[in-house]
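Asker: Input sequences plus hints: build the corresponding full structure.
Heads up: the protein sequence lines correspond to chains A, B and C, in order.
Every position in the first sequence, counted from 1, becomes a number in our numbering once 18 is added.
Every position in the second sequence, counted from 1, becomes a number in our numbering once 26 is added.
Read in our numbering, the third sequence has 559 at position 573, and its numbers run on one by one without any break.
Don't read these hints as lab results, they were simulated from the structure.
Fair warning: there could be bad hints in the mix.
Said to hold, decoys possible - Within a straight-line C-alpha distance of at most 30 Å, the following computed DSSO-like cross-link-like pairs (lysine-lysine) qualify:
1) K476(B) <-> K104(C)
2) K518(B) <-> K92(B)
3) K441(B) <-> K360(C)
4) K453(C) <-> K441(B)
5) K628(C) <-> K103(A)
6) K68(A) <-> K117(A)
7) K43(A) <-> K628(C)
8) K112(A) <-> K628(C)
9) K478(B) <-> K104(C)
10) K360(C) <-> K453(C)
11) K153(C) <-> K478(B)
12) K518(B) <-> K188(C)
13) K628(C) <-> K117(A)
14) K360(C) <-> K541(C)
15) K104(C) <-> K367(C)
16) K476(B) <-> K153(C)
As the list claims (entries may be wrong) - Far from chain C, by Cβ distances over 12 Å, these chain B residues were calculated:
17) F89
18) Y103
19) G106
20) S200
21) P217
22) I317
23) L437
24) F489
Said to hold, decoys possible - For the chain A half of the interface with chain C, some residues (derived, Cβ under 8 Å), not all of them:
25) T72
26) D111
27) L116
28) G118
Backbone N, C-alpha and C define an ideal beta-carbon position, used for all residues, glycine too.
So you can see what is in the structure, the chains are spelled out below.
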Amino acid sequence: MTLTDYLILSGLLFSIGVFGVLTRKNAIAVLMGVELMLNSANINLVAFCKFVDTGVSGQVFALFSIVIAAAEVAVALAIVIAIYKATRTIDLDKEDTLKG
Amino acid sequence: MLSNYLLSWIVFTPMIGFVLVLLMPRDKVSWIRWTTVIFTFIPMILSFYMYAIMNLGDSGFQFVEKYPWITAFNIQYYLGVDGISAPMVILTGLLSFLSVFASWNINKAHKAYFSLYLLLVTAMFGVFLSLDFFLFYIFWELMLFPMYFLIGIWGGPRREYAAIKFFLYTLAGSVLMLVVILAFYFNSTDPATGRHTFDIVTLMNQANQGPFLKQFGVRLAMYIALFIGFAIKVPVFPFHTWLPDAHVEAPTAISVILAGILLKMGAYGLMRISFPLLPDMANYTAIAMAILGLINIVYGALVAMAQTDFKKMIAYSSVSHMGFVILGLASMTFIGFNGAIMQMFNHGIITGMLFLLVGVIYDRAHHRDLNGFGGIATYMPIYAGITSLAFMGSLGLPGLSGFIGEVLVFLGTFKVYPVIVIISATGVIFTASYFLWAYQRVFLGPANEKYKDIPEINGRELFTLVPLALIAVFFGVYPVPFFNLVGPSLTKLLMMVGH
Amino acid sequence: MFSFIEHYIWLIPLLPLLGAATNLLIGRRLSHTAVNVIAVGSISISFILSVLVYIHLISLPVNERHFVDTVYTWIGLGSFQVGLSFLVDPLSTVMILVVSGVGSVIHLYSVGYMHDDKRYSRYFGFLNLFAFAMLLLVLSNSILLMFVGWEGVGLCSYLLIGFWFEKIENARAGMKAFVVNRIGDFGFIVGFILLFTSMGLKTGTWTLDFGVIKSNINLIPVSVLTIVGIMLFVGATGKSAQIPLYVWLPDAMAGPTPVSALIHAATMVTAGVYMVARMNFLYVLAPDALRVIAIVGALTAFFAATIGLVQNDIKKVLAYSTVSQLGYMFIGVGVGAFSAGIFHLMTHAFFKALLFLGAGSVIHAMSGEQDIRKMGGLAKKLPITTSTFIIATLAITGVPGFAGFFSKDDILYNAYISPYGGKFVWALGVTGAVLTAFYMTRLVILTFYGNPRMDHHTAEHIHESPKTMTIPLIILAILSVIGGYIGMPEAFGVHNVFAEFLSPVFASNFNLPEGSISLEWMLMGVSVLAALLGIGLGYYFYAVNTELPDKLAEKFHTTYTWLLNKYYVDEFYLKYIVGGVMKLKDILALFDLGIIDGAVNGAAKLGRKLSEFDGAFDRVVVDGAVNAVGDGIISAGSILRKLQTGLVQNYLIFAIIGLAILLSFVLL
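Answerer: Following this line, the structure appears as structure tokens:
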């Protein structure tokens, strides 16, 4: 497997993640998309670390990313639960109180 | 020291009075009045003193005070007097002093009235004495503002209309003057400093005027603009219609000052500024000026005849008399100029008397309708006598000063504009007619019962009139001192216009 | 012997002036006696001084009878100098003697006539002032100074005619006199200005002094001199009541009768004649002007006499008679017989003043009545008045032996032979003489003779006048008899002393043709016949066939009415000339108010409309633009706010699109 293959994989995963974030109605699905984007970035990092870089900085960065992703999901899910408690729905198309 | 700053003292002494009056308590009317008396008496005496120590043979400017003022624009504080302005200064001093006594019956806001009056006096002296164009303009404009209030507040029923008409009309003329002032400023070179200048004496020297000002079209436009500005003040037909309203509505003392002094400023402006600065244009337009003078004389007399308001009749008679001044100036002859300036002085004295006299009867009868009197001579013989003297002076009876001015204008102008003089001479017929007709309607005939208790003219009123009457008689019989005063400067002016 | 008088000529006009000033200013506080002394005294002293002047003058050789006394420079403008200078020569001497002499007599008469008047001192003040002005007029050495006197007598005439101003007609008469005189003065002014200017331009000398003008007069073209002469004469027609400006004189009778005597008979009205005589050096070079003067004089003499025929007011008859007699004087000077004209001026002063003073005496006696139809039979009760009046009548009609005969004859003779007169002028003069004799006879008969026609009350009050009034009458009567003998014609074989006395003034390169003595006798005879014819007819009409005048008036009703109404000239003037000016003034006043002031007010209205428009413009356009900008931003805003959907995913889309665009810029 060459670098390019991993990059393609990562790109694909990123695109799917973007699509999910931008398109899905369900807030949880959007979070899943965010996870996918983060993970694709991780794959990218590790791939570059293995094929290009001599040290382990890429892999370290990926570990950081995982941790932060976890924290972020926790907070995000807490926000989704708070939204659900307040509006009884997690349909993002219905959340437009910031409309100007 | 006094003679070094004599002119400044003359100009600014009333200003001191102005400040003092403003500081006085409003109810101390007597203090206010007498302060005004003092602060108009002083400049009058100073003007007499000025005459006494003037060098009569000198045709140039005397008692000159020339100090840089606003150096950024080369504006100077420049005062000076010569044979042309001296009689005007004396006239101003005399009439402003006497008119204070005619203001005794002002019944409201004395502080405002007398302070504005003093400000007006300062401005008038300033106009006649300034030799810096900008300074001249400042004093000229400064006159308008007290006049507006003096007419508009203490005047007759249509005072607001008259005041605003006077103000805007004169202001329109002044604006034209301002344009000319600036044109001259920006196109002039002071030989000493190489900068632009407002100095009238320097501007008189044609060499100091820049190339822009040498073009015929420009010069003509400048002359006409200045002429209109001054013509409004004289007043020359057709710019005269502010005068009847202003005179009729103004209180007596202000009418006297308006007729006696302000009207002279237009003619003075022509002599001091228009003629020396633009002599070629003066000659070019002289015939038009002569025709306007003719119209003033005859038209003014005829319209005066049609009036039923005593004051309006005298207002139009002023228009008629000033026509002689314009005609004399248009003649460009020595005799004509002498006649014109003599007429300016005489008109101030005699018409000043006339307005004071109208004031006397108006104060008693509270109307000025010529047809509403009748036989007043029976009840007020002294008043009738003085009025007949003033009327005779005004219609140019020989023996009184008015005749000298008029006959000299005719004698001087005939050789240049014979036909115009002949037509103007018919004016003597009409003038006699309207004055005598007015006298007859008011004083002669059966005595009007309504006025049987009318009080005779009193001492204060006589005090204002007698000096003027004596002067009218004196200069009618012995005008030589006047000619000696104005002669050299007039000769110089004549030379400047190339004759 | 009295050569000192040469330096005191100025006293002669000054004394009456001082008298006038005193009486006018403080006269009310003085007693009548004091006023009299001041007034009559001042003019009497002037008369005495005039006599001294005369005596001194004749002591000088004939061609040196001429001197000038200058007091000070009145107008001094470089080369143009006019002094307060008095010229003394035979002509001015005659004039000052007549003015101060007759004047003194009339001042004395006034003491009696005016003694009841409440403005006594003012009357004498004005009378003295008049004397001053008239003396100034005849003594002045320059035209300009003469004009001062000229206007001055006009002023005094105005003041005295309207003396009893409580009656408005008197005031109106005074004003009429002044204004008509002013019309004449217009001509006079044009005349002397033209003379001044052409003399100055032609010779470089700018002057109005008689002497200087005289020496330079032949340098001025004749055409100019003719116009000057005619214009000056226009002034004379005003002052001396000739056609067309005589109309003020009959109305002037409204003044006190001594005034009529002094001013409107003896002195002021003669100023025009004096002026022509004084300017003889000009007129002899302008024969056309002389002809005009002669013809106007002749026409006036005739025309005025015709009006006098039918007037019923004693003073009006005398007024028209004066106009007529002035016409004779102008005939005299107009045909070049200057001394004849002045001679008649002098004799007329005597008898006309006498006639007026006599009329005053009659009016005084008749308690103010002036209509001769209400008089009659006064001769017995007013002996002095009647006899002096008759003497004057004989003088005026030209009966031989009395003063008028010599002077009138002198004029008519010269009119006949002079190239400037001719037979037409002479004929008018003779006809006028017939008429004069007729109306004067009529006047005498109706006033003093016949049956008394006044009411009982008036009749009781008739009394002869006091001495202050009768003595002047007597003095003048004496003069009316002997005054003519100094001017006797050569035909009588004697020298014409008067003409000889005046000859230095009129000597020039102008000589009237010599007539023949026989012609002179013949013409004299014609004049006497004319006088007798007139007297005879008058006697016949009014003493013999007393019905005849009324019958003729009936038969020739139209003519009679025309004469009685003075040819309606006054009415004509009033309607067309005065009326015309009145209309003109109203039109011009309306023009001034409506059009010129209308333009000013219109400009003001325009200014206000402009400012309203400007205000509207400011509100709608300028402010509107500002508001539009605001509105625009709000609309833009409301469009743009649609981007704020509130949906996070939309925002993310925008962010990504933006990023993509940026990246494409960076990478491409």
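Asker: So, for every hint listed, does it hold in this structure?
Answerer: Status of the hints after comparison with the structure:
no., hint, verdict
1, K476(B) <-> K104(C), "23 Å, holds"
2, K518(B) <-> K92(B), "21 Å, holds"
3, K441(B) <-> K360(C), "59 Å, violated"
4, K453(C) <-> K441(B), "57 Å, violated"
5, K628(C) <-> K103(A), "28 Å, holds"
6, K68(A) <-> K117(A), "46 Å, violated"
7, K43(A) <-> K628(C), "20 Å, holds"
8, K112(A) <-> K628(C), "16 Å, holds"
9, K478(B) <-> K104(C), "18 Å, holds"
10, K360(C) <-> K453(C), "26 Å, holds"
11, K153(C) <-> K478(B), "17 Å, holds"
12, K518(B) <-> K188(C), "26 Å, holds"
13, K628(C) <-> K117(A), "8 Å, holds"
14, K360(C) <-> K541(C), "23 Å, holds"
15, K104(C) <-> K367(C), "28 Å, holds"
16, K476(B) <-> K153(C), "18 Å, holds"
17, F89, "26 Å, holds"
18, Y103, "35 Å, holds"
19, G106, "25 Å, holds"
20, S200, "16 Å, holds"
21, P217, "33 Å, holds"
22, I317, "16 Å, holds"
23, L437, "6 Å, violated"
24, F489, "17 Å, holds"
25, T72, "28 Å, violated"
26, D111, "7 Å, holds"
27, L116, "4 Å, holds"
28, G118, "3 Å, holds"
Going down the numbered hints, you'll see the structure goes against 3, 4, 6, 23 and 25, while the others check out.
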